[in-house]
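2 protein chains.
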Amino acid sequence: IAEMKRVPYHIQRDVLDELGVDQVAEKSDFKISAKEKLRDAVRCTGPRFKSCFLSFVPLLAWLPRYPFRENAIGDLISGISVGIMHLPQGMAYALLAAVPPVFGLYSSFYPILIYFIFGTSKHISVGTYAVMSVMIGSVTERLAPDSDFVIPGNDTNSTTLDIVSRDAERVKIAATVTFLSGIFQLLLGLVRFGFVVTYLSEPLVRAYTTAAAIHVIVSQLKYSFGINPQRYSGPLSLIYTVIEVCALLGQTNIGTLVVSIVTIIGLVAAKELSALAARKIPIPIPVELITIIIATVVSWQMDLKTEYGVEVVGEIPSGLQAPVAPAVSLLGSMVGDAFALAVVGYGIAISLGRIFALKYAYKVDSNQELIALGLSNSIGGLFNCFAISCSMSRTMVQVSTGGKSQVAGAISAVVILVILLKIGELFEELPKAVLAAIIYVNLQGMMKQFGDICSLWRTNKVDMVVWVMTLILTVLFNPDMGLAASIAFSILTVVFRTQLPKYSILGQVPGTDIYKPVEDYNQVKEIHGIMIFRSSATLYFANAEMYIDALYEKTGVDVAKLLSHKKKLEAKRLRKEKKAAKKAKKEAKKRDVAAVEAGPDPDTDTPLPRAIILDLSPVNFLDTVGVKTLRNIYKDYGEAGVQVYLCGCQRGVVESMEKGDFFNEKVTKSILFSSVHDAVLYCQQGNSKEVMQGTHL
Amino acid sequence: IAEMKRVPYHIQRDVLDELGVDQVAEKSDFKISAKEKLRDAVRCTGPRFKSCFLSFVPLLAWLPRYPFRENAIGDLISGISVGIMHLPQGMAYALLAAVPPVFGLYSSFYPILIYFIFGTSKHISVGTYAVMSVMIGSVTERLAPDSDFVIPGNDTNSTTLDIVSRDAERVKIAATVTFLSGIFQLLLGLVRFGFVVTYLSEPLVRAYTTAAAIHVIVSQLKYSFGINPQRYSGPLSLIYTVIEVCALLGQTNIGTLVVSIVTIIGLVAAKELSALAARKIPIPIPVELITIIIATVVSWQMDLKTEYGVEVVGEIPSGLQAPVAPAVSLLGSMVGDAFALAVVGYGIAISLGRIFALKYAYKVDSNQELIALGLSNSIGGLFNCFAISCSMSRTMVQVSTGGKSQVAGAISAVVILVILLKIGELFEELPKAVLAAIIYVNLQGMMKQFGDICSLWRTNKVDMVVWVMTLILTVLFNPDMGLAASIAFSILTVVFRTQLPKYSILGQVPGTDIYKPVEDYNQVKEIHGIMIFRSSATLYFANAEMYIDALYEKTGVDVAKLLSHKKKLEAKRLRKEKKAAKKAKKEAKKRDVAAVEAGPDPDTDTPLPRAIILDLSPVNFLDTVGVKTLRNIYKDYGEAGVQVYLCGCQRGVVESMEKGDFFNEKVTKSILFSSVHDAVLYCQQGNSKEVMQGTHL
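Taken in sequence, the protein lines are chains A and B. Okay, so the first sequence: first residue is 181 according to our numbering, each after it adds one. Okay, so the second sequence: first residue is 181 according to our numbering, each after it adds one.
Read the hints as simulated data drawn from the structure, not as lab findings. Some hints here could point you the wrong way.
The list cannot tell twin chains apart, which means a pair is met if one copy fits it or any two copies do.
[Claimed, not checked] No more than 30 Å apart at the CA atoms, straight line, and that leaves these computed lysine-lysine pairs for DSSO-like: (1) K352 - K451; (2) K759 - K485; (3) K839 - K682; (4) K584 - K352; (5) K543 - K808; (6) K460 - K815; (7) K584 - K756; (8) K839 - K756; (9) K460 - K628; (10) K808 - K756; (11) K584 - K808; (12) K756 - K815; (13) K352 - K485; (14) K641 - K584; (15) K539 - K808; (16) K485 - K451; (17) K815 - K849; (18) K815 - K539.
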C-alpha cells in the first residue's frame, strides 16, 4: 500500500471522481484465467510460411487438408440448399439484368466454380446479387434500348420488337461489362488495392444497398403490372420511370396483377411459416423453389400466357454454351459502369466475408478476394455470365444449414449444372411476375435498413446525414454515379467534422498535472497569466483562419487593433522624438525622458496573458497553411510581447514545422514542450525568475 | 531557486534535453517593455457599437471620419496612377473576355464606384482581372461562337463574319454571367457564407492562378500572331488550341508579329528601367500607358491596319450606355460558370484584402466583401460590365503611390470616366497585338509561381501534389471545372493525410510522466506488461481497419488465431466434459479436475501485454465506424483476457462513445483516463493488488 502512494496519482483520481468523468472502478472481469487463455492462443502465431503460389490458389492449400469426416455432410446439405436457392434467384436476377433467365443460371454456375478455386472466404455464397444485377440492367437497357429493335409493321400504329436480336445484344453487353469489371477487380487485386473498400463505410454501404433495392423494385414494377413503360436512363431516371408506371397503371394486365398479388402473399406467408418451423426442421424449406414449381404448374395448366396475356419466362435452352470473346467495341462506353460494378461487388463480398471470418475465426485476404472475384467475373464474362457478388440471403442459408467451407459452394454449382442440363426447360411457362415477386420478398431485409435512420439519429448525426445523402444520391443518380457521389460526400464529411472544431481554454484540475476545458468542468482553474488554448481538430487549410479568430477572441486580444495601437504609439513617440530632436542641441537629455514617458500607459489594468500555450495534441498533420498560421500567431503575439509555446506535438507535426522553416535563430525548438504541464511549469518558472530579477534590480 | 525545484520538472527537462527535441533555452526577447505595449493596445478594444446599416454601407461609417489632410494627397496621386493603369488593362482584358475593348473600360468604372460604397478593404484595387476575364471569355466564346455569325458570301469559299451582331451577343452573355455571379456572391454574403474561401488554400490559389495565366496566354496567341484558330471548348480545349495555333503558324501575319515582338521587348525593358528608377521617383512610370500611346501613334502614322493587315482595336464609342436587363433565357446555361466566377473573384479579392489588412492593421469583413463584390458585379452586369475581382499589380501600385483608403479607387474611377467620355476614341488605331503583349508582361508574376513547386517539394510534399494537381486539372479542364476538381482534390488530401497514419507503441521517458514513441527515441522504455498504442491520426472509417491491423501486429497478438485457438480449447474442454459426463454418474468429481487441467497451458511463456492503453489524444472525432472499432478491440482483447484502457479522449469523443452505446454495465467509463500516465499508474496499481492478492491467497 505504501508502494502505491509513491505518486500523486490518488489526488488526481479523487479530483476526477468528483468531476464525474473518469471514474475508477474495480474491474471484475479481469481474471487470471483469462490472461492464460491469451497465452495459449499466442502459441499459434508462429513464423509464417507463405508460398506465393499457394496464396494465389488457396484451394491447393486447404483442399488437401479438408477434414472430410467433419465437414463433408454439412457442406453437402448446405450446397444442395443453396443450389436450390440459386435457381429462382438466378432466373429472377436475370430479369433485373434485362437478359433471358437462363443466363442467370449460367451466372450461378461458372463464377462459383472459379471462386471455389481462388476464394478465401469459407462461408459466403457468391453468385447473382440483386444490386449488381440492377446495375447491369441499367447498362444493357441503356446500350440496347427497345427502340433499337423495332420492326415497323404494315400498320403504322402497331410495331413489334425483334426480341431475339435484342436479347442477344443485351447478353453480349452484360457479358462484356462483366468481363471488364472482372479485369478491373483483377488489376486492383494485383496492385494490392484492396484497401479501397475502406471508403465504403458501413452507413454508406447500408444506405447504398437500400437505394439499390428501390431501383430494383421500380425496375420490376412493369413485370408485376404487365405494362411496358418507356426506358429512361441517366440522372432522375427512377423518378421518370415511376411517373411513367403510374401513368400506365390503367393498362395493367389483370391476370399478371393477380399472379403478382397471390405470389407475394403466398411467399410472405410461407416465409413466416418457414421461420416458425425453422426451430424444428434443421434444413430450411425451399420456399422459393416450391413457389416457382407451383406457379409453373398453374401457369401451364391454366395456360396463363395465351388465356390471360401473362408474360412468361419463355425458352430456356438446355446445356451450356461455348465461350465467346467480349465485344471490344463496346468497352469504351461502359468503363464507368464496369468500375462501379467492380467496386460494389467487391465491397459487398468483402464486408460479408469479414463478418463470417471474424465469427468463425479465420482470415479473409482482401487482395486475394479481389483476384478471386476478378477471375470469376472475367472468366464468367467469357461464358455469357453477368457480374456476381455475394448474396446475404444465400449466405445465411449456407451457414445455417451447416456449410463449413467453399466445398458447399462447389456443390451448389453442381446442383445448378444438373438443372441447366436437365430440368431448366421445365420452367418455360413460369410467369415473370412470379420472379418479380420473389425479388420483392428477397429485398425485405434491405428495406428494413431504413430503421438505420432512427438509430443513427440517436448515435451519430453526421453518419445519419451520410446515410440519407447516400440514399438520395443513389436514388437520383442511379447506382453507378450515385456510388461515386456518395463516396465523395462521405469523404467530405471528414472535412465538415474537422472544419467546425470546438475551441477551448484549458484550466488545471487543482493539484494535478491534468488540464481540461474550463467550460466543461466547474472545478478546473485557469492559471493566472497563462492562456492554454486547444482546438478539438487538426489545424489545416479549411479551419486555419477560424483557429486564429478563435484564439484572438478567447484570449481577448484583437491583434489587429493591438498592432494599430502599437503603430499609433510609435508614431506618437516618433513625433515626440522629432520635437525633442529640435531642442536636442540644447537639452540633449530631455529626449530620453520623453521616450520613457511614452512607454508604459497608466490606465491599462486589463488582465492579460503573459504567455499562450497552444495544445497541439489533437493535430494529426500540418500543411503549409497550418505552419504559416502558427508562424503568424507566434509573430503577432511576439510583437505584442506575449510568448507563445506549443505542446503535445507529434513527431510528424514537428517535422512539418522544421521543413516549413518554422524554426530559425529567433524561434528555436525551445518553445516545444511534451505536455501542457511542462509548458505551464516553464512559464511559472520564467515568471518567478523575472519577479526575482525585478526585486533584485 | 528553491521555489523552482518544487516540481520534478528539472528531471523531465534534463531527459528531454538529452533526447534532443524539446530543449529549454533562455528567452532573450521576453522583455517587460513588450508586455506593456500589449496593455496599451488592449485599451482600444472597448464594447463594439455595430449598427447593422453602417456595417452594410461602410462608406457611411468611414467617410465622415475621413482624415482629409492626412490622406487626400496620397489618395489623389494613387487614384490617378491606378486610373491610368486601368485604361490599358481594361482594354486588354476585354480582349480576354472576347468583348470589344470599351467594355473593359466600363468594367473599370461602375463596379469600382460600387465597391467604394460597400467595400471594407482600403487598399485593394478592384476592377478587371486577367483570370476572371479569361473565364468570361470561355463562356462568351462557347455560347456565341464565330460559327453562329457566318454570312455566306457569293463565293462559297469566302465567308465573312457578322462581327457587329457577334460582339453584341457576346457583350450580352458577358454581362449576364457577370450579373448572375454577382447575385451568387450577394446570396453567399447574405447567408454569411464567407467561409467558403477557406477551401481555397494558398497552394491551390497560387497553382490555380498560374494555370489560369497559361489559359490567358494561349487565348492571346492568336492576336500576337495575327491568325484565326478555331474555337474549342470543354475539357482539353487548351491542348487543341495549342495544336491548332501551331498548325496555323504558317499563316502568321508578319506585321502583327513584329508589333508583338517589339512591344514585348519594349515593355520588359521599360519595366526593368522603371523598377530601377523607382528608388528615385516617387510615382511609378505609367509604362503601359506610354506603350499604348506610342503604339497608337505609330499604328496611325504607318497605317498598320491597311498597309500590313494588323488587327486594331476598332471603334470605341464615347460616353456611357444605359443599363440593360440581363438575358434571362441564357441564365440556365451559365450557372456553373457564374458560380465559379463568384468563388474565384471573391477568393482572389479576399486573400489580397487580408494581406493588406494584416499589414496596415484593420479588419476586412469577409461577408461584407462578398456583398460588396456581389453588388459591384450584379449592378455592373446591368451596365454591360464583365466580372471583376482585384488585380495584384494595380493594388501594388495603389499602395506604393500612397493610397490610404477606398477614395483612391473612387478617383481612379473618375479618371476612367474622363477617358470614356473624352479620350477613349483616340485609341481606335491601337493594334490588338499590343494589348496581348501587355497581358503577357502582366502575367510574369504568375509564371514565377512555378517556383512554388521547388519550395513546396522541400517543405510539404502533399501540398506540392495539391499544387501540381491543381495546375494540371485547371489546364486540362478549364478554369471553371478545374476549380471544382482542384478543390475536391485538395479536400481529398485531408483523407490521404489521415488515411496512412503512423502507428506507434509508446514508452515512458524514464523518471517522468511523459510517454513517447519507442521507435523515435532510444531512451524511452516500454512498461512491462502494458502496451501503449497510438495512431498519429483520427480514427474513422477510412483507417479503422488499419488501426485494428496495426494494433494486432504491434501487440503481437493475432486475435483471429487467438479466438480460433480459444475455440479449439473450448471444443476440447467440451469433449472432455462429454466424456466426463458419460462417466459422471460414477465419478462426479473427475469432470471438474479435467476442466481445470485444460485451463492453463504450461508451454506458453511468450511475454504478453496484461493491459493495452490506447492513447486517443490525436482523435478529433469518432464516427460510428470508429466507435464500433473501439468496441471490437475492447471485446476481442477482453475475451482474450487483456484489459483495454482509453486515454486522452476529448469531450466530443466521449460523447460519441456514449451516444454510440459504447458503454454499458460491463464497459463503464472507468476505462477512460485523462492521460497515459494515469492509465499506466492504474494498471500498475491493479497489478500490485493482484500480486498481493496472489500472495495472500
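Hints, verified against the model:
For the identical chains of this complex, K352 and K451 are neighbours neither inside a copy (36 Å) nor across copies (66 Å), given an alpha-carbon limit of 30 Å. Taking the shortest alpha-carbon separations for K759 and K485, neither the intra-copy value of 111 Å nor the inter-copy value of 63 Å comes in at or below 30 Å. For a Cα distance limit of 30 Å, the shortest separation of K839 from K682 qualifies both inside one copy, at 28 Å, and across copies, at 18 Å. Proximity of K584 to K352 under the C-alpha cut-off of 30 Å is found in neither arrangement, the shortest distances being 36 Å within a copy and 72 Å between copies.
In this assembly of identical chains, the alpha carbons of K543 and K808 lie at most 30 Å apart only when taken from different copies (19 Å versus 45 Å within one copy). Taking identical chains as interchangeable, the C-alpha atoms of K460 and K815 are never at most 30 Å apart, the minima being 77 Å within one chain and 33 Å between chains. In this assembly of identical chains, the alpha carbons of K584 and K756 lie at most 30 Å apart only when taken from different copies (23 Å versus 93 Å within one copy). Proximity of K839 to K756 under the C-alpha cut-off of 30 Å is found in neither arrangement, the shortest distances being 43 Å within a copy and 64 Å between copies.
Taking the shortest Cα distances, K460 and K628 sit within 30 Å of each other inside one copy (26 Å), while across copies they are farther apart (80 Å). Proximity of K808 to K756 under the C-alpha cut-off of 30 Å is found in neither arrangement, the shortest distances being 36 Å within a copy and 68 Å between copies. Taking the shortest alpha-carbon separations for K584 and K808, only the inter-copy value of 27 Å comes in at or below 30 Å, while the best intra-copy value is 58 Å. Proximity of K756 and K815 under a CA criterion of 30 Å is satisfied intra-copy only: 27 Å inside one chain copy versus 74 Å between copies.
Taking CA atoms no more than 30 Å apart as the test, K352 paired with K485 passes inside one copy only; the shortest distance there is 28 Å, against 63 Å between copies. Taking the shortest Cα distances, K641 and K584 never come within 30 Å of each other, neither inside one copy (39 Å) nor across copies (49 Å). For a Cα distance limit of 30 Å, the shortest separation of K539 from K808 across copies, 15 Å, qualifies, whereas the shortest one inside one copy, 49 Å, does not. Taking the shortest alpha-carbon separations for K485 and K451, only the intra-copy value of 27 Å comes in at or below 30 Å, while the best inter-copy value is 88 Å.
Taking the shortest Cα distances, K815 and K849 sit within 30 Å of each other inside one copy (15 Å), while across copies they are farther apart (42 Å). In the homo-oligomer, the alpha carbons of K815 and K539 lie at most 30 Å apart only across protomers (13 Å), although the nearest pairing inside one protomer, at 56 Å, exceeds that limit.
Going through the hint list in order, the structure does not satisfy hints 1, 2, 4, 6, 8, 10 and 14.
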